[in-house]
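Peer 1: Chains as they are written, first to last, in this note's numbering: chain A, 1 to 117; chain S, 1 to 110.
Treat the hints as calculated values from the structure; they're not laboratory data. Source: prediction; values computed, not measured. Don't take each hint at face value.
[To be verified] If you want a taste of the chain A side facing chain S, the calculated C-beta under 7 angstroms gives, among others: (1) Ser27; (2) Gly28; (3) Ala30; (4) Phe108; (5) Gly109.
[Stated by the list, open to error] Per the computed footprint, the stretches of chain S lying under chain A, defined by three or more beta-carbons under 8 angstroms from a beta-carbon of chain A, are: (6) 40–46; (7) 98–110.
C-beta: ideal position from N, C-alpha, C; glycine also.
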Amino acid sequence: EAGVAQSPRYKIIEKRQSVAFWCNPISGHATLYWYQQILGQGPKLLIQFQNNGVVDDSQLPKDRFSAERLKGVDSTLKIQPAKLEDSAVYLCASRTFKAGGPTDTQYFGPGTRLTVL
Amino acid sequence: LAKTTQPISMDSYEGQEVNITCSHNNIATNDYITWYQQFPSQGPRFIIQGYKTKVTNEVASLFIPADRKSSTLSLPRVSLSDTAVYYCLVDSGSARQLTFGSGTQLTVLP
């Protein structure tokens, strides 16, 4: 089974520039998450999609971050304009969705390391 | 929101059993406890998940007391390759519950 794919793996930009990250979840996984992981910290959830709808984006800085998941498969996360404090690893994760009962685990991609200069 | 608390770091020697405890005092009825392992430059990887009592798989055991306010990840006979950050997560599938703590840096020494 193919894992969660993300690209690019690394990105270096200057502040005030824009950047986009791409995620391809595991086939058949209805739920997709974007996380931000700052060095030395645990992942922080930014947004959750269920199919192509947003379930929760309460921690997404909407003045500069946006995300979409067209057709309920691939997703993109965009930052415009970037700030120095956006330097982090951006992780995408997916899972199957099971209403009630045990939750299924999340499968994480390798992440995109963003450096803002 | 179920916040988790773990030790920041632990050291162990090869071949020893390692136990990492996580406290989650505000765990809700629908929450499951999941542990992840993360190596540098990689995303977290699922280790084990449980709801109560004890769960065991091929790599670890998870002990959860009756009150479920804590859990203990047990790694039998660790090797150098087990050096990583370990996170516990209480997870009901709701985005509002998905709060990772700072994790525990486990260092296995030869």
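Peer 1: Any of the earlier hints contradicted here, and which numbers?
Peer 2: 1, 2 and 3
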